[in-house]
Amino acid sequence: MTFPASSLYAANLLAAWAATATDIDLDTHALKVALYTDSMTQDPTAGSALGYSATGEHAATGNYTTGGAALGGTVTWAVNSGLLVCSTSAVTSWASATLANVYGCVIYDDEATSPIANACIVAVKFGTVGSSGGGTFTIDWADTPVTNTIFTIDPTP
Amino acid sequence: MTDTAFKEKIRSISFGAPRRPQVKVVDDVKHVELLDDTSGRRAGMESHKPDGTWDCTMTPEVVRLPLNKES
Chain A
15 MTFPASSLYA ANLLAAWAAT ATDIDLDTHA LKVALYTDSM TQDPTAGSAL
65 GYSATGEHAA TGNYTTGGAA LGGTVTWAVN SGLLVCSTSA VTSWASATLA
115 NVYGCVIYDD EATSPIANAC IVAVKFGTVG SSGGGTFTID WADTPVTNTI
165 FTIDPTP
Chain B
404 MTDTAFKEKI RSISFGAPRR PQVKVVDDVK HVELLDDTSG RRAGMESHKP
454 DGTWDCTMTP EVVRLPLNKE S
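From first to last, the protein sequence lines are chains A and B. By this note's numbering, the letter at position 73 of the first sequence is numbered 87, and the numbering carries on one by one without gaps. By this note's numbering, the letter at position 55 of the second sequence is numbered 458, and the numbering carries on one by one without gaps.
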């Protein structure tokens with residue numbers, strides 16, 4: 015198993031949209047970002063609810079602790095050019111970090127209890143393997159269509 | 404022109420040579436561009452400092468979810 019292609023955790027989001035709403039909350043809950051190697055085993059599109067998992071997560075080292083760090087800034091939802099855009103107001107970084115073999119990250123709701131504890135929201139695969147040698151490891155989210163865009167949903171059939 | 408040579412020429416015209424990562428040195432810090440393994444687009448940057456440490460900035464592409472569309 016390796017880090018999957020970037021994808022939203024479909025089952026978790028579908029549960030969030032269902033009539034029996036879950037408590038996934040991108041606005042007020044504490045969201046966290048965890049870094050993973052190619053030993054990650056989750057499949058976000060497998061159809062079952064998935065929560066944070068330490069399997070394949072980068073080991074704690076320096077300023078990186080198991081479970082990851084808080085997603086920087088405030089999460090914002092907006093409609094831009096027909097897309098639903100989820101962005102945040104800051105990049106995410108770890109200072110004095112010695113990290114290796116980082117394939118991607120997972121954003122999860124650290125306060126969610128339903129449909130599963132610490133429900134995962136999105137897996138983001140990096141374009142190549144990342145490493146930092148005692149410096150700062152930063153995830154600089156994309157700046158299109160808006161600054162620090164994490165994911166978009168295209169509702170147009 | 405042989406069939407193999409023709410195919411190689413077409414390939415070179417279609418895709419060109421692989422892009423090489425840009426390297427810049429600013430104030431003794433060597434900035435090395437990281438390229439996407441698949442697309443060759445910029446995927447991040449490593450900044451190597453004189454003390455031997457280095458920073459890493461990853462710039463992931465936006466995750467896109469098309470609803471009600473055939474893949």
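These are calculated hints, taken from the structure and not from any lab test. Here a beta-carbon is modelled for each residue, glycine too, at the ideal position from N, C-alpha and C. A few of these clues could be false.
Restricting the straight-line Cα-Cα distance to at most 27 Å, the calculated cross-link-like pairs of lysine-lysine (DSS-like) are [said to hold, decoys possible]:
#1 A/K46 with B/K427
#2 A/K139 with A/K46
#3 B/K452 with B/K433
#4 B/K452 with B/K427
#5 B/K433 with A/K46
Here are the in silico distance ranges between beta carbons for each label pair [unchecked claim]:
#6 B/K452 with A/S95: 22 to 32 Å
#7 B/V426 with A/A114: 44 to 54 Å
#8 A/L28 with B/Q425: 35 to 45 Å
#9 B/D406 with A/T161: 25 to 35 Å
#10 A/T170 with B/T456: 39 to 49 Å
#11 A/T75 with B/K433: 38 to 48 Å
#12 A/S103 with B/L470: 40 to 50 Å
#13 A/A104 with B/Q425: 35 to 45 Å
#14 A/A92 with B/P453: 39 to 49 Å
#15 B/Q425 with A/S103: 20 to 30 Å
#16 A/G87 with B/V432: 43 to 53 Å
#17 B/D406 with A/S103: 54 to 64 Å
#18 A/D57 with B/D440: 14 to 24 Å
#19 A/S103 with B/R467: 18 to 28 Å
A quick look at each hint next to the structure:
1. A/K46 with B/K427: Given that 27 Å is the threshold and the Cα spacing comes to 33 Å, the pair is violated.
2. A/K139 with A/K46: 16 Å, holds
3. B/K452 with B/K433: Holds. B/K452 to B/K433 sits at ~7 Å (cutoff 27 Å).
4. B/K452 with B/K427: With a Cα-Cα distance of about 12 Å, the restraint between B/K452 and B/K427 holds, given a limit of 27 Å.
5. B/K433 with A/K46: 31 Å, violated
6. B/K452 with A/S95: 22 to 32 Å: Violated, since B/K452 and A/S95 (Cβ atoms, about 40 Å apart) do not stay within the stated range.
7. B/V426 with A/A114: 44 to 54 Å: 21 Å, violated
8. A/L28 with B/Q425: 35 to 45 Å: 42 Å, holds
9. B/D406 with A/T161: 25 to 35 Å: 50 Å, violated
10. A/T170 with B/T456: 39 to 49 Å: The hint (39 to 49 Å, Cβ to Cβ) holds, given that A/T170 and B/T456 are roughly 46 Å apart.
11. A/T75 with B/K433: 38 to 48 Å: At roughly 24 Å between Cβ atoms, B/K433 and A/T75 fall outside 38 to 48 Å, so the hint is violated.
12. A/S103 with B/L470: 40 to 50 Å: 26 Å, violated
13. A/A104 with B/Q425: 35 to 45 Å: 26 Å, violated
14. A/A92 with B/P453: 39 to 49 Å: 42 Å, holds
15. B/Q425 with A/S103: 20 to 30 Å: Given a distance of about 29 Å, which is inside 20 to 30 Å, the answer is holds.
16. A/G87 with B/V432: 43 to 53 Å: 26 Å, violated
17. B/D406 with A/S103: 54 to 64 Å: 57 Å, holds
18. A/D57 with B/D440: 14 to 24 Å: The hinted range 14 to 24 Å holds for A/D57 and B/D440, with Cβ atoms some 20 Å apart.
19. A/S103 with B/R467: 18 to 28 Å: Between A/S103 and B/R467, where Cβ atoms are some 21 Å apart, the hint holds.
Checked against the numbered hints given earlier, this structure breaks hints 1, 5, 6, 7, 9, 11, 12, 13 and 16; the rest are met.
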